[in-house]
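Engineer: Spelled out from the first residue to the last, the chains are:
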Amino acid sequence: MHPLVALLPLFFGGILSLLLGASIKTEKYAKHVALAGAIGSSLLSIYLFMQPAQSYQLTNWFSIGQYGFQLTLSLGGANSLLLFLIAVISPLIFFYSTGYMNVPSEQSRYYFELSLFTISMMLLAMSGDFLTFFIAWEGLGITSYLLIGFWYQRDAPADAARTAITTILIGDIAMLAGILLLWSSFHSLNFSAINSAALTLSGSSTYLAVAALLILVGAFTKSAQFPFHEWLSGAMEGPTPVSAFLHSSTMVKAGVFLTVLLLPLFVKLNLLWPMLLIGTITAVIGSITALTSDHIKKILAYSTIEDLGLMFVAIGLNALSAALIFFTVQALYKALLLMSSGTIMKANDDRTSIYRVSSFGRNRLLFVSALIGALSISGIFPFSGFFGKVAVDSAASSNAIVYAVLTAVDFLTALYIFRWLLVPMENQKKAHQTAYSAGYSLLKKSMQIPQLVLAILIILFSVIFFYNGVAQQANLDHSIVEMAASAFGAITAYIMFKKAKNVLSEGSRSRKILYTGNALNLAYLYIAKFFGLVAHAIEIFDNGLNRLFYMGSSGVMGLAGSVKIAEKGNINTYIAALAIGLILVFIILVFVP
Amino acid sequence: MIPLLLLMVALPVLFLAMIGVLKRYSSLIATISSITGLALTLAVIATAIMGSSPNISENYGYITSLNIGFNLRTNAASLVLLLMSSIVIFITALSGNISKDRERIASLLLVLFQIGATGIFLSGNLFIFFIFWDIGVIAPFFMINVLGSANRKTASYKFILYEIFASALLLFAILLMYFYSPGHSLSISALASTSTMPVGIQESIFLLLFIAFMINMPIFPLHAWLPDAHSEASTQGSMVLSGILTKFGGFGMLIIFAMPIAKSYAGIIALLAAISAFYAAFLIMRQSDIKRIVAHTTIVEMSIIMFAIATLTVPGTSGSIYGMFAHGLAVAMLFLAAGAVEHIFHDRNINILKGISHNAKLTAYIFLIGIFAITGVPLTASFIADVFMFIGAISAFGLFGIVPLFSLVLMGAFMYFVINKSFFANKERTSADGFITVRQKIGYSVLLSALFLFGILPFILLKLINA
Amino acid sequence: MIPYTTGQEWVIYLVAIPVALLVISGILSTFSKSSRLPFILTAALLAVSAMSSLYIAYTGVAFPLIHVLQVNSFGSLLFGFLAFGMFMVELISYKHTESLQHFNMLLSFVAFGAFLVTYAYSMIAILAGIETVILATAFMILISGKKYVEPALKLFLLGAIATAIFTMALALLFPYDSALSLTQIASLPAGKFLFGLSLVLFVAALSVESAGFPFNFWIPDVYEGAPGNITALLAGVNKKIAFIAILEILASVFAFYGSLGGSALYSHVMLIVATLTMFFGNLAALAQKSVKRLLAYSSISQAGYIFIGIASATHLGIEASIFYIIAHMFMIIGAFAIVFWLESNNARTLDEYSGLYGRNSFAAIGLTVLMLSMAGIPPLVGFAGKFLLFSSAVYANQAYLAFIGIVNSFISIYYYAKVINQMFQRKEAKRLYLDKNIAIVLGISIVFVIIIGIYPQSMISLASAAASALGI
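Protein chains in written order, with numbering that gives the first Met the number 0: chain L, 0 to 592; chain U, 0 to 466; chain B, 0 to 471.
What you were told as hints is all true, and nothing was included just to trick you.
Straight-line distance between alpha carbons at most 27 Å, and here's what the computed DSS-like set of lysine-lysine pairs gives:
1. L:Lys528 x U:Lys353
2. U:Lys426 x L:Lys528
3. U:Lys22 x B:Lys429
4. B:Lys429 x U:Lys99
5. L:Lys528 x U:Lys420
6. B:Lys426 x U:Lys99
7. U:Lys152 x B:Lys429
8. U:Lys426 x L:Lys345
9. U:Lys360 x L:Lys24
10. B:Lys426 x U:Lys22
Computed footprint of chain B on chain L, listed as stretches where at least three residues anywhere in the stretch have a Cβ under 8 Å from a Cβ of chain B:
11. 545-559
12. 571-579
Here are some, though not all, of the chain U residues that point toward chain L, as calculated from beta-carbon distances under 10 Å:
13. Leu160
14. Ala223
15. Gly318
16. Phe413
17. Asn419
What the hints contain is simulated information worked out from the structure, not anything from laboratory work.
A virtual CB, placed ideally from N, CA and C, is assigned to each residue, including glycine.
Turn these sequences into a full structure, and let the hints steer you where they fit.
Structural biologist: What follows is the structure, encoded as structure tokens:
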């Protein structure tokens, strides 16, 4: 089967749901159509996942000289893994959406954009060359822009969408520049061709180093690495299913995925250190900032930033398998946690602050699945997140500083996630029981089932890890350290937020110290101001330039005015001029040879 | 054998006369004229593809005593640009005059412009080139002066002075060329073999033509006419000005960079073009008029195209042709949308316009896609152009070749700011008074599909360009 | 000079008889009460003489005629067009002239003067012709009304001074060519200085009429002061007659001084005249408020362009000058026709021209086309003419002159655009109706400007033949 066939159900589903939006009567079927498309594509993708590694050349898009720009799809390895993750999570997201999206007039637009987003991501997962990858990459950027700004009638989502697309734009252009520089060295954009050509490189090349760094900038913007990470917390303004999708298996993974695909090139160019450095910084910033937020989704957004930092740390340490394990488990627990947040918000009239929502009510199912998610992200054995964390920690064991930082991050992770879990539960106790249980009892099944499925998958993956030997590779020492840190974090959280409730609440000093978002936003603001100043200076210069031309023309006009003096209109002038003319002519005659 | 090229220039004259004579139906006649132009362009392209050479020529006697013929010829660049200009003129005629403002004179000027634009891309010698150049400049002058908005008088003045200055330089260069080229040949292909002339004359011809085309493109520091002209012109005027008129200069640059002397100036010109791109990108940030914003993006894009031409490489040149094609379509679409905004909301100031997407959803999305198109998003034609242009630039200038690409970041960032501020964030909404008709919708869809068609299937044009 | 052909001498009657009839009917028409018949007669005879003169030019015959005149394609071509120009002036004058009968008579004298100058073989004929023209025109202005006395006197006075200088030049030339005929002097005896002085005086004398700097200060005042139709005549015909005389004398007698060993002097004088004339006309025009005055200055600058061709002293240059003389005649008569018509509707200044497009679109578009042509925008005739002129300058190694000309064309667009700008202002105003005659004249001018502009070759061939007839 040709891989592109897997995209068709989603494509038709998306188009059809757009068309169904033509009338309010038919619009309510959009979700069914889109869901059917998603399931179809998912099944086909899983089928593709089972296929042996293979690459498909689509077409020679265009050529420059004798070198063609082929579009290639590739299956196997990281490609198939990502495709599989999307295949697992995307139908769940669509299913969850059917319950979550209840604005009748926006259904068709939502499912159309979501389908395109999913298609872009699947194409990205399948891409075997940089050109295909870049097409999918830009597709992701644009559709994510549309989805983040889905509620553009409100200011916050529109602003968040703008921040996102601006950051993404920087990455896109940097990436395009990098791609073109790469092509100019290798005359090919095929990932495997680039990697094999990179292996034969001798000596260092500034040229390629610049190209790789530019590509890395692209990856960092999409994967929300410092200093490009702020857009991701804003992206939470989008509909929650989108956030769940974006933060788990799609979009933010694109940058990580790219570095995985090009790892041999980065190794050869000795450019792993930027990933290690930036990844570490991001992980720290992400985990600390997560502590300072009240927004039930933004806590998870910073958590995603941290996760992505950890992935870059793993790649930066050239620990591909660790990165990929973490890559997989993170997708599951993050999707689960975000869905839980969405559900909590839904049950609490869309309130977002953890201090103003109460969680779960009598809905044990919801509680259990959220707890599984929280345990998994904290890296508590035997949930699958544990294996990811330990794999990354083990990879870092050679580097004491990184190892120490990662352990601290483990601690912080447990701390913030239990804050996320416990604070709303405390509210529940405080408040009158019945008032809150109402929201939870009205929840649709379609929102809860995907969470349950994900919770089961988290456990299932642990089993799989035991089965295929990942679990056996986990180093016992590192496991113990990791578990200890996490447990310590969880206990601290219990003490801090159960007993001393005001820690890190709104306006507290500790929070002000820890929150880095403001500083960064301030920095962005100053950069923007700086550009504005430059623009202002250039405008002044431009006006001056204009003025210069204007002065030129008024100079001519001045000349014209002086010529006008001759207009006396009396005959003396004529005759005087005539006489002078004659005399001049005479002089010329006499003195010019 | 049908004299296709002659017909392309001559038929609009007939339509011009028809508009002059008939009191009504002027808009219809202009549309028919543009459709005829498009059909003939397609016929010429078909002939070129079947004959597997883009070079078709027709020669007629003109001023025989001066050995100046009426030579029409096509090459790859001219075919591509003809295709672009005939699509844009077609849409301009069909959908440009949203408010049906003085249709007769608007149609008259558009057909006049059609003659100029077609003629420039078809001209085989510099004399003909010059004649059509001035026709192509005079028609937009009236589009600004007669049909434009509030500041049209100043803007048109500025425009005409800059453009006539350019054409004065052009004329002087043509005269020099005429008397120094062997056999008094003004043929455009003779520019490529000017190495026998005295170096001083070659330099003079090159620099005179360069400055003339630089004004037209426009490149910093001779760009000041453009924002005023584009923003004050009628919608139709802005569409053809940005879409086609600026390409006259680009086409001219392609011609003069065939001169052997061009090599010694290419580096400094590329530097100038790069500066120009960033300069204009910064200037965009200070604009508040939606048409001025789009106008400034034209400077950025044309500077990048200039940069690509100055690489003197095959991919760079092909890319610049493709870039002009893509930009013509994209910017025409942006101006069409901007014109619709002005028509619906009676304002162009982004500080006043709010929530456009609420009352003009289609226009808002078209504007958004237009921004994607000019920032070179894949699957739009601009992406192919960017790839070619910058690969050419890298091969010519190494790492520095990639630098102008980043002007797109500045431009795009501000464009997204505008989109957010005026189009999509709609807590407050400017009240709408008007709507777009099916004609504008056709216009949007044709331009949109052309942008994507040539972005997805680039081989159609590349076959011509590479032949 | 091309050799005379034999046979076909009768063709001269084709021109001579209508011109004679014109003069006779002009004199007789003063006795007529109605103005209609004289008008028809004058117009018809002017048209006939124009056609037949052009026919002679077409046949290309050349022969001498009673010692003072000669027939060749230069004279017949230019007389043909001048007569046609006068025909156009007659058309626009019909409705708005007080005593058309007297006007007709004087116009017929102008035609006769033009005949003498264009067909001249002797300098005496030129002198007589120019004198006739100036006197007749001065009287024309004078009879138009009380307020026209001043311009009439100015014209008369300047004409007299010019004649004096011209006579002086003739006297200086006499020792070398006692016949005062338009043939080249075979050899140059001693006294080159006086010979050169003669040339300079000729140029000066004729520059008074042809608006060469610095002999042109009277032009704007007289052009503005005179009624519009007579201004059209002054700019379209009188000035051209002076140019024709310059061409005849310089080409025939002095052979541009080149073969006589003085071409450096010649080119110096002409270069300076051309440059100063162009700059003076264009710069002064920039600051004008009255459209008529603006056009007067513009016509001065246009004279400067014609001087470029004369300065080059080559076949191409003379050909270009001839081309431009004819082209400019059409443009300026068409333009002044509108000015004249608007004058009678009390619109004179730039401000009063504003919104003309709304009041009468044909007039506005027509004036726009003519002005664009004067500014040298292709594909109008002004461009073809300027291209020829500038290329002749480059050809004669005077590229800088071409450059100055181009700079001036550029400056000129500024004030033409100003007028166009005003005309296309949006303004609510009463509609104006164009007289039929003026519309016809405007139509003829526009058609000429566009057709010859698009396809100038036919006209260039004619001009080239005419230049050959001058012997260059």
